[in-house]
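**Student:** Each chain, letter by letter, is given below.
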Amino acid sequence: AQKVTQAQTEISVVEKEDVTLDCVYETRDTTYYLFWYKQPPSGELVFLIRRNSFDEQNEISGRYSWNFQKSTSSFNFTITASQVVDSAVYFCALSESLGGNNRLAFGKGNQVVVIP
Amino acid sequence: GAVVSQHPSRVICKSGTSVKIECRSLDFQATTMFWYRQFPKKSLMLMATSNEGSKATYEQGVEKDKFLINHASLTLSTLTVTSAHPEDSSFYICSAQTSGRIYQETQYFGPGTRLLVL
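Going down the list, the sequences are from chains A and B.
All residue numbers for the first sequence refer to the working numbering, where the first residue is 45 and numbers rise by one.
All residue numbers for the second sequence refer to the working numbering, where the first residue is 13 and numbers rise by one.
The hints are simulated quantities; they were obtained by calculation from the structure and are not laboratory data.
Idealized CB from N, CA, C, for every residue including glycine.
Simulated DEER-style distance windows between Cβ atoms:
(1) A:A51 <-> B:E99: 22 to 32 Å
(2) B:D77 <-> A:S115: 41 to 51 Å
(3) A:F91 <-> B:S101: 18 to 28 Å
(4) B:K32 <-> A:T64: 38 to 48 Å
(5) B:E64 <-> A:F91: 18 to 28 Å
(6) A:K114 <-> B:L38: 27 to 37 Å
(7) B:I24 <-> A:T74: 39 to 49 Å
Throw the hints in and build the complete structure from the sequences for me.
**Tutor:** Below is the structure:
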């Protein structure tokens with residue numbers, strides 16, 4: 045069974061502060077994929093990143109960075125120098141490699157509020 | 013790339029009527045499409061998985077006769093909420109996934125449809 049835990053439900057930060065969102069996952073598979081999605085108030089889920097279980101390199105994309113620690117089953121997401129446009133719900137998700145039908149297990153999401 | 017559209021974005025209907033929601037992959041062929049339901053301030057709940065040309069696979073607790081899914085082509089899947097009731101009011105989101113190399117293993121989501129049943 046898959047499980048994704050995002051413990052922080054709502055996080056408020058002042059603009060320009062950094063914010064880190066924690067994601068801890070559980071899976072019995074050795075091959076799996078981890079994702080982060082952003083859901084702004086409009087509702088659409090925006091794909092941010094995909095990481096497969098064999099690639100533990102951290103990644104930086106602009107103000108976003110991700111830290112994948114297989115030893116602790118964590119895939120944390122940091123927004124640096126936050127902006128008001130970063131206000132959204134962020135979901136961490138896990139999928140097993142099932143040969144095409146990769147069902148996603150979502151965490152409960154982190155509501156990020158950036159205060160100007 | 014990897015754009016998914018949904019139509020309508022918002023619909024209000026009377027109890028007892030049926031509502032059809034379309035999900036289209038605009039710039040890639042979606043071998044698999046997924047339908048989710050999301051309640052306010054909650055996470056996404058997978059309703060069903062559909063592959064082009066075959067019957068959808070429903071998650072436990074989801075009534076297949078209530079939520080009819082058709083995946084007639086590689087770019088279109090539809091969800092029909094039959095005999096809608098107020099408890100069906102929700103935010104419905106589809107996603108599409110391709111087996112192509114570039115987008116493989118990643119689900120791309122549509123903008124969602126807000127359904128309100130009166």
